[in-house]
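Engineer: Chain residues, written in single-letter form:
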Amino acid sequence: MNILELQNVTISFGGLTAVDKLDIQVKSGEILSLIGPNGAGKSTVFNLITGLYKPSDGAILFQSEALTGSPPYRIAKKGITRTFQSIRLFSELSVLHNVLIGTHVLGQAGLFHSIIRSPLMHSEEKELREKAMAALDFLGLADKEHEKAKNLSYGEQRRLEIARALVSNPKILLLDEPAAGMNPFEKTVLMDIIRKIRDTGVTIFLVEHDMTLVMGISERIVVLDYGKKIAEGSPVKIRQNDSVIEAYLGSGQFRSRIRRKETGAC
Amino acid sequence: MRNIKNNWLVQVIGFVLVLIMTGLTAQGLSRIMPPYYLQIGFFIGINVIMALGLNLIAGATGQLSLGHSAFMSIGAYASAIATVTLHLPFPVGILLGGLAACLFGIVIGFPTLRLSGDYLAIATLGFAEIVRVIFTNMQITGGAIGFLGIKNLTTFPVIMILTVAMIAVMMWLENSRNGRAMLAVREDEIAAESVGVNITWYKIQAFAIGSFCAGVGGALFAHTTTFIQPTDFGFMKSIEFLNMVVLGGLGSIPGTIIGSVVLTTAPEFLRFMANYRMLVYGLLLIIMMIFRPHGLLGGFNFRQAISRALFLGRRIRQGAKV
Numbered sequence: 001m002n003i004l005e006l007q008n009v010t011i012s013f014g015g016l017t018a019v020d021k022l023d024i025q026v027k028s029g030e031i032l033s034l035i036g037p038n039g040a041g042k043s044t045v046f047n048l049i050t051g052l053y054k055p056s057d058g059a060i061l062f063q064s065e066a067l068t069g070s071p072p073y074r075i076a077k078k079g080i081t082r083t084f085q086s087i088r089l090f091s092e093l094s095v096l097h098n099v100l101i102g103t104h105v106l107g108q109a110g111l112f113h114s115i116i117r118s119p120l121m122h123s124e125e126k127e128l129r130e131k132a133m134a135a136l137d138f139l140g141l142a143d144k145e146h147e148k149a150k151n152l153s154y155g156e157q158r159r160l161e162i163a164r165a166l167v168s169n170p171k172i173l174l175l176d177e178p179a180a181g182m183n184p185f186e187k188t189v190l191m192d193i194i195r196k197i198r199d200t201g202v203t204i205f206l207v208e209h210d211m212t213l214v215m216g217i218s219e220r221i222v223v224l225d226y227g228k229k230i231a232e233g234s235p236v237k238i239r240q241n242d243s244v245i246e247a248y249l250g251s252g253q254f255r256s257r258i259r260r261k262e263t264g265a266c
Numbered sequence: 001m002r003n004i005k006n007n008w009l010v011q012v013i014g015f016v017l018v019l020i021m022t023g024l025t026a027q028g029l030s031r032i033m034p035p036y037y038l039q040i041g042f043f044i045g046i047n048v049i050m051a052l053g054l055n056l057i058a059g060a061t062g063q064l065s066l067g068h069s070a071f072m073s074i075g076a077y078a079s080a081i082a083t084v085t086l087h088l089p090f091p092v093g094i095l096l097g098g099l100a101a102c103l104f105g106i107v108i109g110f111p112t113l114r115l116s117g118d119y120l121a122i123a124t125l126g127f128a129e130i131v132r133v134i135f136t137n138m139q140i141t142g143g144a145i146g147f148l149g150i151k152n153l154t155t156f157p158v159i160m161i162l163t164v165a166m167i168a169v170m171m172w173l174e175n176s177r178n179g180r181a182m183l184a185v186r187e188d189e190i191a192a193e194s195v196g197v198n199i200t201w202y203k204i205q206a207f208a209i210g211s212f213c214a215g216v217g218g219a220l221f222a223h224t225t226t227f228i229q230p231t232d233f234g235f236m237k238s239i240e241f242l243n244m245v246v247l248g249g250l251g252s253i254p255g256t257i258i259g260s261v262v263l264t265t266a267p268e269f270l271r272f273m274a275n276y277r278m279l280v281y282g283l284l285l286i287i288m289m290i291f292r293p294h295g296l297l298g299g300f301n302f303r304q305a306i307s308r309a310l311f312l313g314r315r316i317r318q319g320a321k322v
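Chains as they are written, first to last, in this note's numbering: chain L, 1 to 266; chain H, 1 to 322.
Heads up, some of the hints might be wrong.
Lysine to aspartate or glutamate pairs mimicking EDC-like chemistry, simulated, CA-CA at most 16 Å apart [to be verified]: (1) L:150 to H:187; (2) L:148 to H:188; (3) L:229 to L:242; (4) L:148 to H:187; (5) L:150 to H:129.
Not close to chain H: a few residues of chain L, all C-beta gaps over 10 Å, as computed [as the list claims (entries may be wrong)]: (6) 20; (7) 73; (8) 111; (9) 118; (10) 133; (11) 137; (12) 181; (13) 183; (14) 241.
Derived coverage of chain L by chain H (criterion: at least 3 residues anywhere in the stretch with Cβ under 8 Å from a Cβ of chain H; other residues may be distant) [said to hold, decoys possible]: (15) 87-93; (16) 121-132; (17) 160-168; (18) 190-197.
If you are wondering where the hints come from, they were derived from the structure by calculation, not from laboratory data. Cβ atoms here follow ideal geometry from the backbone N, Cα and C, with glycine treated the same way.
Bound-form chain H, shown alone:
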C-alpha cells in the first residue's frame, strides 16, 4: 500500500483525475448556477490565483510588493494581444500572459530586490505606475480608451482547474527545499545566508513565480470582462490583493484562499447597503486587524493542529488532565 502511495506516477495520475473532476464539477455548476453567482465564481477563482502569487512574494518570502496589479495588467494585455491581434488560441494566450509577467518580474526583480521593506514597496509602487502610464500611451493596447474586442473565452471549468492546480503547486512548493529557503529569507536573511541559502536567487524565484500567477490571473480577467483599460489595474487593485493575503494570514495558503473568497464576496453581500458598502468593507478590515492582527489563519498550522488533536486524545485516554 505504501509503495502505491509513494509511486510518483500514481500521484500524477491521481492529480490529473482531481483536475478532471474539478473541471466536470465546474461544468455542471456553470449549467445550473445563475449568471450573477457564476460571475462571482469567476472572480473568486481569478482573485485566488492572484492572491496566491502575492502570498508567495509577500507572505512566504517576506518581500512587500505593491505592484502586483502591474503584473496582472502585463498578463492581461499580453494575452489580449495574443488572442485578438495575433489570433492565437486561448491556452497559448494564458501561457504568454503568464510568461510576459514572469519576464517582467525577473527584470524588475534584479535591481529592486536588493532593497528591503519600505524601500522595496516604494520601488514596486513606482514600477506599477510606470506600467500603467505606458499602457495608457501605447497604440497597440488601445491607450486610455482601453483594449476592445476581446472574446469571452474564459469558462468556469478553465478557471476552476487553473485555481486548483495553482493551489496544489503552491502547497507543494511550500513543503519543499525551495519553499523552505523562501521562508528562511523571510525569517532572517543573515541566518539564511549563513546556512547556504542564496537569498537574492530565492527572492527572484518568488518574484518570478508570483508574477507568473499574476499574469495568468490577468489573462483570465481580460477574457472574462472582454474589455480592459489601464485604470482597471491601478494602485487600489494592488492593495486589494494585499488585503486578501493579509486578511487571510500572511504566508498561509488556506488563509489566502479564504481571504480572497471573503473579500471578493463581501462587496456583493453588502450590496443592499448601496453607497455605504465600501464604508462597511473598510470597517470590517479595521475590526479584523484589531482582533486578529495575524490574519484569519495566520500562524495556524493545519498539520500541527491535527497531530496535536491526536496527541491530546492519546493523553486523555492515558488519564492525563488537560
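In isolation and in its complexed conformation, chain L is listed as follows:
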C-alpha cells in the first residue's frame, strides 16, 4: 500500500529544473530515505509535498488523494507533518507551548469557546496538554517544558521539532536532515527514536546526509542527483550501485562532471 506517491513531479525555478520528472512511492509503515549530493533537490521534494512549493507539473497523491494545490495547513491537517533542515521553532515560546501549537489540528475550540472559556474548551485543553506532555516525555524533553525553545541545545531543538511534528498523530512524518549537527551519541539516540516512532505506525520519510544513520535505519533508499532519481533500493544495493558511487565520488574518468569531483564523499 502506497501512502504517498509522487508522480512525474517537476518544478523549475526560472531556468533551473530543481526536480525533474520524479516518481517516488512511499509504502505505508516503512522508513524511506532520500539521499543525494548537495543541491540535488531533496529539500525541494519535501517543500513540494508539504505545499510550500507548487509543482510545475505532475501530481502528489496522499492515500490516493491529490494534494497538489492544497495550502500547507490543510496538508498538515491530513496527516503529513515535517521538521525543517534549518530549525524552525517558535523560539520565544516555551517548549510546552511549541508542542501545544503542534496539537493545533487536534483541537476544535474556536474563538467563541476561547473567549467564554467553555467546558468544552477546558476538557479539550486538558487533553491536549496531556498529549503534549506525552510527546515531550517520548523525546526526553519533559523536564524542559518551561524553558524557552531558543535556550535549548542544538540536539534538543531538533528533538523538540520532532515532538512538535509528532504530537498531532501524523500518518507520515517528514524529517529533513534530523541528524545535522548532532554528536555520535545523539545520533544513536535519534536512530532509536525514529525506529520507535515507526513502530507506533507512523511512516517515516527522511532526508539525510549522515550515511551511518541512513544505512542504519532505512529500509529503502531513493537517490537523487540534479533533481532526477538515479537509484532506488535497499541500503545494501544502493551501496554497490555504480551511478550512486559516481554521483558521490565521481567516476575517475575525464568525462565526469567537474562539480561531482568536488562534491566528495558525504
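Place chain H on chain L using the hints.
Structural biologist: Relative to the frame of chain L, chain H by itself:
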C-alpha cells in the same frame, strides 16, 4: 474543592461578581476623586482598551499596524451617529461602534494581511489617512468642523467594567488554542503552517478583535470628550498606542496595561515643565528603548517567574547553592 473550581458556571458567576465589584468601586471613586484625576482615569481606561487591541495585532500576532486610530475614529463616529442621530441607547452605541470598526478591520484585513512587515505598516497607514480624509469630507460626521452635540454618557464605572472585561478576555484568549495559533504566526509563519495553522485566518481574527477593541475605545472616547473631529484620530494617535504597547513589552498583557498607564499619566506629571514636557516625554522613550529594548515587561512571564521562585525555594531548602 477542585470540582467547584473547575465548574464553568461558578467561574462565570465569579467573573460577574468581579465586574460588579469593579463597578461599585469605580462608582465610589468617582464620588470622592477630584474631576481632574477622574478625567485621567477615564483616559487610562480608554487607552488600556485601545492598546490591548493593538497588542493583540502587533504584539501577539506580530502584524505591525499603523492604522489603529482609524478604527478608533470609525468606532467613535459610528457610536456618535447611533446615539445622537438615531437616538439609540448608549450601550447599543458602544456595541455598534465596536462592530463597525470590526467590520472595517475584516474588510481591510483580507487584502492587506497578505503583506508583511513594513509593507503592511505602509498599507495600514494609507488606510488610516483615507479614513481621516473621508470623515473630513462627509456630511453626516460634520466634516472638518467636527461632530457636535454628543452627550456625556460615559461614566467611570462603565469604563472600568469594560476595561476589566477586556483584560480578562485578552488573558483568556492568550491561553487558548486560538491565542497560541496567533503567537505561532508571530514566531514563524512557515512553521505555523506546517503544523496546520491557517495563518491568514488567524491574522484576520486578530485584526477583527483588535479593531473591535479600538471601536469600543473610540465610542467611549466620543462620549467622554463630547466632541470629536477627524484630527483627533491622526497618525500621531496611532503612534501613541504603538508606544504604549512597545513601552510595556510587545505581546505582554500586563506590560501593555502598564505602558498605557505610564504614557497616559506621563504628560500630566510633566505638566509643570510646560512647553518642555513633550521633549522629556520623547527623551523618556529613547532612554527606555536603550535600556529595555523589549519593553518594561517584555519577555517576562509571570507564571514562570512564580514557579521559578517556588522551585528555587525548594532547592535552597534542599541545601543547594544558588
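Engineer: Any hints from earlier that this structure breaks? Give me their numbers in increasing order, please.
Structural biologist: 5, 7, 8, 9 and 18
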